[in-house]
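Participant: Assemble chains B and C onto chain A, guided by the hints.
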Amino acid sequence: MNFPHELMTSPKFRVQRAMFGALASAALAALSGLMPASAAAQDTSIVVSSTTSTEQSGLFGFLLPQFTKSSGIAVKVVALGTGQALDVGRRGDADVVFVHDQTAEEKFVAEGAGVERVAVMYNDFVLVGPADDPAKAAGKDIVAGLKAVHAAKAAFVSRGDKSGTHAAELRYWKQASLDPAGEKAAWYRDTGSGMGPALNTAAAMNAYLLADRGTWLSFKNRQNLKIIVEGDSKLFNQYGVILVNPKKHPHVKAVAGQKFIDWLVSAEGQGTIAAYKIGGEQLFFPNAVKK
Amino acid sequence: MSLLADSFGSALTLLASADATLAEITWLSLRVSATATLLAAALGLPLGAWVALARGGWRQSVIVVLNAAMGLPPVVVGLVVYLLLSRSGPLGTLGWLFTPTGMVMAQTVLITPIIAALARQTIEDAHAPLADWFASLGLTTTQRVVTLLHEARFSLAVVLLAGFGRAIAEVGAVMMVGGNIAGSTRVMTTTIALETSKGDLPLALALGMLLVTLVLMVNGGAQTLKRWMERRHG
Amino acid sequence: MAETSVLLGLAGVTVSRDGAQLLADVQLTVTSGERVVVLGANGAGKSTLLKVANGVLVPDHGRVDSPPRTAQAHVFQRPAVLARSVFANVQFVLAAHGVDEPERSARAKRALLACDLASLRDRPARTLSGGEQQRLALAGAWACEPALLFADEPTANLAPVSARAIEQLLLRLHGNGTTLVMTTHNVAQARRMATRIVFVDGGRVVEDRSADEFFDRPESAAARAYLEGETL
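Chains as they are written, first to last, in my numbering: chain A, 85 to 375; chain B, 1017 to 1250; chain C, 12 to 243.
Computed footprint of chain B on chain C, listed as stretches where at least three residues anywhere in the stretch have a Cβ under 8 Å from a Cβ of chain B: (1) 75-86; (2) 90-97.
Selected chain B positions facing chain C (in silico; Cβ < 8 Å): (3) P1145; (4) L1146; (5) D1148; (6) W1149; (7) A1151; (8) S1152; (9) L1153; (10) G1154; (11) L1155; (12) E1167.
These aren't lab readings, by the way, just hints derived from the structure by calculation. Every residue, glycine too, gets a C-beta built ideally from N, C-alpha and C.
Isolated chain A (complex conformation):
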């Protein structure tokens, strides 16, 4: 039977062969462009898992090019919720973890998934809510503010996604000796979503919400929301960076990852963090321990 043979040699099929050849070449070119970079190139990039709120604040777009310039190492950021970011680290799919949930981070190191937790910077949370503040929660005290929201049964949106922000929110409710999640209160909306989508929901519902200042400042869909409570020291949100344990995952780029961590706590890194502003306002406050 001659079919494949005929297709390949007969002059009748010149056009089809040419087209197939063009298509195959294009496919190979596209595919080769998609192959992971060669081994040599791979040494000059690391994967950092971090949180969506950090990425959406725009910090990485400002900070990382500086690091790449001074070290030659490219940084690929995978932005997820804190729980997922740490999980990625546990699986060895990232070289460095950079999140803001001290308890979870310490557990991460204690498990042996990470080498050492290094404090880098902090930003703060704010309670946003409807401009007319129906619950009269405004002020400098987050616990008092939440108590007011609870008393007024005002609409409140929670991220509900095991993120650092969600963990902080639960902490403050606990400090107020309240448990709207447990009560299954009707005004408490658990959305199971990231910072941005939760803000969208709060804006649409004209509800109260605990947000990180960074995401709030870049959030464009505010509608009727504004900052209700800020400045409480309880609202400070500490960031830690951890090298994924190369003993557990030998392929981890420990040298390059450590370079990144060292740079973050160096004068240059800390200075760059402080220099990042949105609308003239500083978002992140470097507080690495000076060695």
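Facilitator: Just chains B and C, lined up with the frame of chain A:
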């Protein structure tokens, strides 16, 4: 309504600005989904043809599974492929997680059933009036498959377009396996998701319009090619 | 030159499907040079008989001796054509019979000429009329220079003029040395085409005689009734 109008204006401005990042994102979307479509075709067309021509009691069950697999949720495919490609997973040493190659793999898994299931029906329909003739000519299964793939080429081209459409429009699988990394695994759909979550709805809508336009162009191109080929070769 | 030999032999062939008996204990021998017409009403078993004879259908019981595939050609009631040009269709059949280039194109060209399709050679076969498509199917058969041609109701779907053209082609093919086995329910066609009649009724071969004898003096009541229906 004004939001839609704003977005339309933003879309045109975006295009006119010939923004480098936008070009990069668009090109990556096309490359990933087109490559996945080609791979899925290489796998799905022969599979569909083989099931179309096979005989046996198990055939009906396979058809049901194939048809059902067309409805595989992209995010589930993404999760499974992520677990496979994770360093802690069986295929971790490939190093494909958080790379475009991993994204191609996820989309290929997603659309191969679509191509196989639709090809199966198409080829079965093409085979029916020719079955006795093929039997009388004593054609082997391979010969039948090759002949039928050629016979149904225009319908199968539409099947491939359906697969491509599904791939380029999905966000769940590429998000999980690619990680939406700026500058390396960010595609149009993940960017739209990101901009939406940041509250930048006009930009998200504008990107959405661009994506739809892109898909329209691909389909328009395919139709033109078909007409040209029909005129030349019948 | 024309030595007679047995080309096709069926013995004790029985076919049942879903409890119904389609063919019962069929015996048939075809020698080279014949024009055998299997005649009978719709549902009598003509097509089933042909399918067993050309190997498409395997009988439940019985024996079939037929020439190799490459020595056979087949034409069906609904002409089987591929979605490609007329010329490419004939090439396809030749390729299936193991004919390589350049002989393939040469024979295809001759076959199209013989079947009066040369002017349509680059047209998409699907755009041809029913009669033209059947001529194309015959061109495919012609090109293969088969020892044995099976034709299952080849003109049943065609208008009389086209049907006559097909009959002429079949006769010419026979004149070139191809033995013909065809089925029909049309008595007039059987008269024109057959050297021998195999009359089938209810899955059985009721009569198997030379055409002259059959039409002059049908032996069975079934055959008589069938032929009478013609004159009514």
